[in-house]
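Put chain P on the given structure of chain B with help from the hints.
Line by line, the protein sequences are chains B and P.
Count the first sequence with my numbering and you get residues 1 to 141, in order.
Count the second sequence with my numbering and you get residues 1 to 409, in order.
Hints listed in this document are in silico derivations from the structure and should not be mistaken for laboratory results.
There may be inaccurate statements among the hints.
[What the hints assert, rightly or not] Straight-line distance between alpha carbons at most 20 Å, and here's what the computed SDA-like set of lysine to any residue pairs gives:
id, chain 1, residue 1, chain 2, residue 2
1, P, Lys-409, B, Leu-34
2, P, Lys-409, B, Trp-20
3, P, Lys-409, P, Thr-390
4, P, Lys-51, P, Thr-69
5, P, Lys-166, P, Gly-141
6, P, Lys-167, P, Met-111
7, B, Lys-23, P, Ile-405
8, P, Lys-409, B, Leu-36
9, B, Lys-23, P, Gly-358
10, B, Lys-49, P, Glu-369
11, P, Lys-403, B, Met-21
12, P, Lys-403, B, Lys-49
[Said to hold, decoys possible] Restraint ranges, calculated between C-beta atoms of paired labels, are given here:
id, chain 1, residue 1, chain 2, residue 2, range
13, B, Asn-106, P, Phe-264, 40 to 48 Å
14, B, Val-138, P, Val-17, 43 to 51 Å
15, B, Gln-61, P, Ala-115, 48 to 56 Å
16, P, Asp-47, B, Asn-106, 51 to 59 Å
[Claimed, not checked] Covered stretches of chain P, as calculated for chain B (at least 3 residues, CB under 8 Å):
id, segment
17, 341-349
18, 353-364
Because the structure is a prediction, the values reported are computed rather than measured.
Note that the Cβ used here is the ideal one computed from N, Cα and C, for glycine as well.
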Amino acid sequence: MSIEERQQEIVEEFSVFGDWMEKYEYIIDLGKELPLIDEQYKTEDNLIKGCQSRVWLHADQAADGRIQFTADSDAIITKGLVALVIRALNDQTPEAIASADLHFVNDIGLSEHLSPTRSNGLASMIKQMKLYGVAYSVKDK
Amino acid sequence: MTISPADIESIRKKFPVLHQKVNGRPLVYLDNAATTQKPLSVIESLDHYYKTTNANIHRGAHHLAHQATVMFENTREKIRTFINARESAEIIFTSGTTDSINLVAQTWGRMNIQAGDEILLSHMEHHSNIVPWQMLAEEKGATIQVIPVTEQGEWQIEMIDSLLNKKTKLVAVNHVSNALGTINPVATLIEKAHAIGAKILIDAAQSVAHFATDVQKLNCDFLCFSGHKMYGPTGTGVLYGKRELLEAMPPWRGGGEMIKSVSFEKTTYNEIPHKFEAGTPHIAGVIALGAAVDFIQEMSWSEIEAHESELLLDATEQIQTMDGLRIFGTSANKTGVISFGVEGIHPYDIGTLLDKQGVAVRTGHHCTEPLWNRFGVPGSVRASFAVYTTKDEIELFVAALNKSISMLK
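Chain P extracted, bound-state conformation:
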């Protein structure tokens, strides 16, 4: 079941930023894989918190501190339900996906990765799921292995069995590629990784807003995502980890909140999740992230998926026949992301002319340089959709793209 145009209109009404003109044209915002816009409920939640509640959490005996703590912990419970974790203690708030991945690399990684070990990534990882592991590998004398990517922008599945071996201690891959939109078969990989005794981290930054996530069903060891790509505030993120792993992990950042008691002789650390949340967190942001979860859950996943795949199909059909245009990532399993290039035209030129026509897309390497080296191009133009994207916007995008190409040819 898809969402009716009338429903989309009422959803759009909740997003103030969408109703403006850019360069004299109605804004067509197709950069949702970079960050989604925020509904009023999220914006008002931030505002409301600072106007009525602002206090530091988990300390202080006063009324506001108690209220702020309850609201903050409410979001933890909402996130637990959202990804179906066993318990809310397995939800750690971070500043975003990058922060979550670095946390795992610097704690679990430094404790468990040794010289000669292997860390398996894929060729379509975001730099933030490459660099933290490279830093760790360099420090420990471990090596990075890479799952190759096919012309269609999918994992070379047949390579996986030979890449996984006794030396593999960790697998870290995205569920959905930010550059291509490919939905990767992570469930299979999780099973295979566990079969050889490796742990597996899933970068879910590009998936959590587009289809249901169930960490128990997936059985992944870690899962990371950002608030701002799921209609929530920037500067918020989540690290999910299995309790037994989080408990065994040493703390990363030292400070307030993460301790049980401190003396100059000996500090004992707090329980999870607080052990990993040193210092005052982004309280307002986390509370508003709860409102973002509510916004998503007002709809059904089947509605969201049907709408976004309809947009993808519509846009793909219209642009794939354009002269010299090549779509990067042609998997049958994709979220609403179209990455493309036009022969003889630099992505930057297309992006500039689309912007002049009110269409916001991303151009460049999208922080996945190894992937573009593999395709032999410097990058792409990427249009990415969200639940508030309309078919009319796809029409405007296609028309603007046609005009841009004709000007540049």
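Chain B on its own, in the form it takes in the complex:
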């Protein structure tokens, strides 16, 4: 499934929620489900410092060249949002990740979490994931 198809899938899932509570309950559940990052990768180097919540991100390249992300956050809502972003970008080629347009966050009405004033580290994490995409695509050449 392409990044675009995965985004559409997420948008469809969110379209059934009636109010903010259902939406956030789902995000909180996702946060609880997100497989934790391997402790060895929860390092200062992998830490994306938001002003308030912290996000750790680790990237690995599989033999086929696709990238696997694992992440964690100390805030559960941030973690749920991180899970959604990972779902959209995981197991994709570095080129696709580097050029991805992540419009689904807006589409499901959560763009406020990307604003710099929220300082939850999500926007910085997306930027970092794309940088990984760029770095791995350069390395592959």
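This is chain P only, laid out in the frame that chain B set:
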């Protein structure tokens, strides 16, 4: 004597911003320690100034310039009365508390602090009352000493005598902690500081809107506060200093207004307060700050204090029994600030879900990182009240908090 619910309603009518819905719910604004909302009189004062008066002050012989100068200087006199300074020349307008503190650090500080000297702060200072002193200490080779804070969020009073010594040249502390709401016993500290010959600066940003300030009674050397935390415009602030200190201090920013005469050989500086007010100030803001003072003085301090402490008591009673909830700052002397955390839940998550329910609080470290390191948590959720906060809003806040916690657990 407290303010009746009917009076609170009429006060609320003066604040247009309060009457709106956020995320489909009535706004419950509990972030007053960050900034208070503005009454119509303040908003209209800004508007009126630009529509009828706008001119540069203290220069120009024309009618509007004269009028603007009179209005600007009127606020200086109002602030003098508000904090009971001896004379209005001791009132310097700045852009806010941070600016006021930096002014003292860069003028009095650079002139008086030397290598080996000590500057005494407390563990609950705002970053803006830490960093300017660190910068100064680094430049001069001075050291920073810190009054420790107890589990209740109060100064460890018994430590003060051993921290104050001959090397202490300056003490800089807040009157009220922005993160905890603790009202600190500054009068005692001022006396102790003076006894060893140190000067003392009081950060009054979190106190001036909540109880009376009397700089003569306190006998502090400097006092700093912001307009926007006392129902006035952002970008306005005050530095009070004793005349003899202000006169001895070198100017900080050079420019217009602060000079008596300028030639390329020699510039002579203006008298206080103008010596410290280089350039065109926030004239409209300062004039509107006068309207904010009027707004506060239409009420009595006893009314304001009684109302805000009733809100504090009410909210504290209701949330302290919640499962896993810990209130940071449990002093008996507090303004209307409740800082708390819930075990296993990040403050950001609570703040996000409260916002979804129309409740505005602050989450995070509130610019007091050393304090949270001391408590061993990354920060807190902070609800802070103002004179227009109602008991009904406390109910809405408590209900929204219960719902948020149940969703996150």
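These are the hints, each one checked on the structure:
{"no.": "1", "hint": "Lys-409(P) x Leu-34(B)", "verdict": "holds, 16 Å"}
{"no.": "2", "hint": "Lys-409(P) x Trp-20(B)", "verdict": "holds, 17 Å"}
{"no.": "3", "hint": "Lys-409(P) x Thr-390(P)", "verdict": "violated, 29 Å"}
{"no.": "4", "hint": "Lys-51(P) x Thr-69(P)", "verdict": "holds, 16 Å"}
{"no.": "5", "hint": "Lys-166(P) x Gly-141(P)", "verdict": "holds, 16 Å"}
{"no.": "6", "hint": "Lys-167(P) x Met-111(P)", "verdict": "holds, 15 Å"}
{"no.": "7", "hint": "Lys-23(B) x Ile-405(P)", "verdict": "holds, 16 Å"}
{"no.": "8", "hint": "Lys-409(P) x Leu-36(B)", "verdict": "holds, 18 Å"}
{"no.": "9", "hint": "Lys-23(B) x Gly-358(P)", "verdict": "holds, 16 Å"}
{"no.": "10", "hint": "Lys-49(B) x Glu-369(P)", "verdict": "holds, 14 Å"}
{"no.": "11", "hint": "Lys-403(P) x Met-21(B)", "verdict": "holds, 10 Å"}
{"no.": "12", "hint": "Lys-403(P) x Lys-49(B)", "verdict": "violated, 28 Å"}
{"no.": "13", "hint": "Asn-106(B) x Phe-264(P): 40 to 48 Å", "verdict": "violated, 58 Å"}
{"no.": "14", "hint": "Val-138(B) x Val-17(P): 43 to 51 Å", "verdict": "holds, 50 Å"}
{"no.": "15", "hint": "Gln-61(B) x Ala-115(P): 48 to 56 Å", "verdict": "holds, 54 Å"}
{"no.": "16", "hint": "Asp-47(P) x Asn-106(B): 51 to 59 Å", "verdict": "violated, 36 Å"}
{"no.": "17", "hint": "341-349", "verdict": "holds (count 5)"}
{"no.": "18", "hint": "353-364", "verdict": "holds (count 4)"}
The structure does not agree with the numbered hints 3, 12, 13, 16 stated previously, though it agrees with the rest.
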